[in-house]
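Visitor: These protein sequence lines map, in sequence, to chains A and B.
Here the first sequence stands for residues 231 to 1225, where the numbers follow the working numbering.
Here the second sequence stands for residues 326 to 416, where the numbers follow the working numbering.
What the hints contain is simulated information worked out from the structure, not anything from laboratory work.
Everything numeric in this text was worked out from a predicted model, so none of it was measured.
Ideal Cβ positions, reconstructed from N, Cα and C, are used throughout, including at glycine.
Be aware that one or more of the hints could be misleading.
Unchecked claim - Label pairs and their calculated CB-CB ranges:
1) 364/B / 918/A: 35 to 43 Å
2) 402/B / 406/A: 22 to 30 Å
3) 393/B / 1152/A: 30 to 38 Å
4) 831/A / 337/B: 46 to 54 Å
5) 831/A / 335/B: 27 to 35 Å
6) 361/B / 426/A: 57 to 65 Å
7) 1121/A / 331/B: 21 to 29 Å
8) 361/B / 1094/A: 49 to 57 Å
9) 581/A / 335/B: 30 to 38 Å
10) 719/A / 331/B: 21 to 29 Å
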Amino acid sequence: MTSSRLPRGGRVERSKSVRFTFDGKAYSGHPGDTLASALLASGITLFGRSFKYHRPRGVFAAGSDEPNALVTVLSGDVREPNVRATELEIHDGLVTQSQNRFPSLDHDFMAINQLAGPLFSAGFYYKTFMGPAIGPLRGTRFWMFCEKFIRRAAGLGKAGTAPDPDRYERMNAWCDVLVVGSGPAGLIAAEAAAGTGARVIIAEERPLPGGSLLASAETIDGRDPSVWAREKAAALAAMPNVRFLTRTSVWGYYDGNVLTAIEHVSDFKPNRTKGQPRQRHWIIRTGKTILATGAFERPMVFPGNDCPGVMLADAVRRFALEYGVAAGSNVTLFTNNDSAYEAARALSLAGVNIVAIVDVRADVSGACRDIATAANAELLTGHAVTGTHAGKTLSSITVQHFNAETCRVSGAPREIRTDCLGVSGGWSPAIHLASQAGGKPEWDEDLQAFLPPEPNQNWVVTGAAAGYMDTISVLSDAATKGSAKSRLILPPVEAPMLDASPAPVFQIEPSAKSQKAFVDFQHDVTADDVRLAYREGFHSVEHLKRYTTLGMATDQGKTSNVPGLAIMADARGISIPEAGTTRFRPPFTPVSFGALAGERYGDLRPHRLTPMHDWHLANGAKMYEAGLWHRPMIYGSHGETVEQAYVREARAVRQSVGIVDVSTLGKIDIQGPDAAELLDRVYTNMFSTLPVGKARYGLMLREDGLAFDDGTTWRLGETQFLMTTTTANAGPVMQHLEYYLDCIWPELRVHLTSVTDVWAGTAVAGPKARALLEACVTGTKVDNDTLPFMGIVHSKIEGVPVMVCRLSFSGELAYEVYCGSGYGTRVWEALLTAGKPFDVMPYGLEALGTLRIEKGHVTGAEIDGRASAHDLHLDWMLSKKKPFIGSAMLGREGLKDENRLSLVGLVSLDNQAITGGSHIVTDARPREPADSFGHVTAACYSPALGKYIALALVKHGTSMIGNRAFATDLLRGRHCPVEIVSHHMYDPEGSRMHG
Amino acid sequence: MIIKCPYCGPRDVIEFTYQGDATRKRPEPLSNDPDVWNAYVYDRSNPSGLHREFWLHSGGCRQHLVVTRDMTTHAISSVAFARDIASGGQA
Ligand SMILES: [Zn+2]
């Protein structure tokens, strides 16, 4: 066993044990353990296989920066991949699995990829999968051919397919001050802010407050810093103006000081309380943000730096001090700065055996030497690690002389037996959130790291995140940043005099033939890949990132960012700040879709039901969703197909009378002295000349001259109109009118009210429509003189006030009857009763569509945002007497082009259906028809004509009438011979509706 | 982003509908100059810095607002009713 539980230390509850499994094998740990610490305590150092090369990998970090030790958590059929073992708290019954190995972690076939190393170097995909220019695998087809093999070989965990059974919550919160992080800086800043009475939220990503203090060998106020932190946090949490959230990772920083966070509410618990969410998604609006996010230790890039047993020096310390786990029995440290000595001191005090400290610097301070001596560790200054020897875990390292000035390796290699190497390449402030907020990070020569940018919103950065690397200066900085008025008395700190400024050494390159040296562990990007990117011309950091995928894995390059930039800067012969850095993007740590969705999953749309909805359902209607509306498609009887039903309904309308629910039409009440003037401007035709008590069909264009919407508008009074719109455009037309009144024509005295839901509408259509109305309308006659075409009367049906307008969409004698929506069903039923002698039949959308296709009336399928009035044969509606929206653009070239598609009718010549969306071609070959010159917009069987017909938009439409063509539908395998006819396929003179 | 509607108060951006560039001026309705209309309908500037745009408070008072916003920081410096500005007022 290499790693093991120390006899004492750590904050795990040693008296209790927790049982879990990893790759099917049972293990136990203690409450307070993460999966990483519990497995290390059990002697497990191999955690997974790497992304491309399937190299054995162990734990590298101890927190959210972990690149290697990703596992899949299984729960029944549900699997959550890529969970960091260093953050996963164990509980009884936890089932976990390693990733990217086949068939098992110990015996992995794909490790052969290591031998194919050069094949998988940077840019491999781009170079290889462009494919040959000719042949069966030309272009991207080669990629499509190879994809499934490569996808199996490379990758992270596999996503599950079972539905997520957990509950998630979403919470909005606001505060005066949001403190991110509860290390020494976060605690003091929060205390200073809360002391002024400000409402404070503190968010800590880990289960316990304290941050770096949880693994510190210093003392604060004469005590163990973790005890000091716990007491301070408890005191803060008890304040009425403070909310303390633990296990809450702030992952996004957005405009307006809005931050997002994920709180792990119960996913670490074996048994969740009923109704308790697994995670809670917080959206926090804050007056001021204090970013006390600490710093991440950086690795060094050296040959063989990725084998299990090599980890960050800070991680070795944290496993020992927080969890009482020795990551190795003979630990070595490799560093370019003093912080590894503090780790050595802490480890030694915790009972971990330190073999040697390898330091690239030629000389170190007396404090460092004292620590090495006290820890009984050999101090090798002016040395570097130039290789590792490992099977499934580290067995020894090779060290050589190293000159930090020239970065040259020299001398004979010496081997040191060690099973754990702690590496420190300096510290990078965790500037991710500040970078997301939008600023440009600033390079600090002293720390060899990027510091947070100048704030562009009300935020400050404090502590290690701001570049303060010793506890005393962290505390005083935090007190000031927490509140300018702070009078906090800061506690005394006892710590050795160490300096965190590193020597500017990022990579050790002994020779061209040495082992692979990794920069980005999670994406398997090596130092050679970065230099290859340079040689191939990908110099900018943005190109480097995309070409090599450096920093694009789930850890977002927390450990790899600066080393990668340093190597590129070195290759280019420029400084790191000259090379620049990429901007960090949310999320800081991965966020589950479930948490983002919260309770908002499944069908979230509102369902709009007409007043007659229940009647439709009770009478056999098969409903159809038209946008948000539910509308009857057909009223079917048993054994009847949809086609049989709509043909029966449409035939009834043509032969006798039918009624249809048209309540979904958009309705806008337009009132004011300038109402008629507004309509003249928005419609292509004239409305100011419309007499009171009459309706007119109107067409609207967009400003670019293309058709927008059509409908009838009724003049109810001198200054009052009721506009109807198509169902789909009710909202857009309202918005269109509001825009012009607010922004362009504020001088027009007009008010608009949407009354779509106020009126229930029923269309009564058919030769017997008038007879039906005569049987139920009271208070007025409905004969041709009283109610002529486009006339309006106000009357009653069964005592219910109604407005009746004589207009026709079906081409039959027809009326629309509007009543208050509360009376919709009553009037609907009254119309049915009155129509009984005429065998009145309710009809649905399919029959409505059939009737309008027969007549060649356009709807949204033809007014598709690309058609002009001319294309739709509506140019007769374009007034020459006045300007209107779209009139100025009508004359432009594109709208005059004779190759434009225009509306025609089609008749099937093989007596079978024309399918909607078919393309119009002349080529008789069904397999590879030549160029399309139009498409079908709507199709049906026409009972009136006894044929399958369609409407289509066709190039040179009108002049094509009389020609034959094919309506071809490759998807449905239909190649239908058709004749092109006029779009007025039935009763072109309109004698029926005027009768 | 929060927009301070002069009628409804500060509200989240999800209540609003973006309605485009507020710096354009619609040509005289009777103008037939194709270049002028083409510029009005299609040309948009994309300034780095302050920009004026229309937002409809579609989930609130349903009035169009003229919002002056910094395109680089999304900081809003002024909000006014579009009607007032179209009638000759200042933003
Ligand atoms: Zn408002």
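Visitor: Each hint should be assessed against the structure and marked as holding or not.
Guide: A quick look at each hint next to the structure:
The hint said 35 to 43 Å for the Cβ distance between residue 364/B and residue 918/A, and at roughly 30 Å that hint is violated. Taking the beta carbon of each, residue 402/B and residue 406/A are about 23 Å apart, inside 22 to 30 Å as hinted. In this structure the supplied range 30 to 38 Å is violated for residue 393/B paired with residue 1152/A, their Cβ-Cβ distance being about 56 Å. Between residue 831/A and residue 337/B the CB atoms are about 21 Å apart, so this pair departs from the stated range of 46 to 54 Å.
At roughly 29 Å, the beta carbons of residue 831/A and residue 335/B sit within the given window of 27 to 35 Å. Between residue 361/B and residue 426/A the beta carbon distance is about 58 Å. The supplied range of 57 to 65 Å therefore holds. Take residue 1121/A and residue 331/B: their Cβ atoms lie about 40 Å apart, and the range 21 to 29 Å is violated. Between residue 361/B and residue 1094/A, the C-beta spacing of about 28 Å breaks the proposed range 49 to 57 Å.
A beta carbon spacing of about 57 Å between residue 581/A and residue 335/B contradicts the range 30 to 38 Å that was offered as a hint. Distance hint check for residue 719/A and residue 331/B: the Cβ-Cβ separation is about 47 Å, which falls outside the suggested range of 21 to 29 Å.
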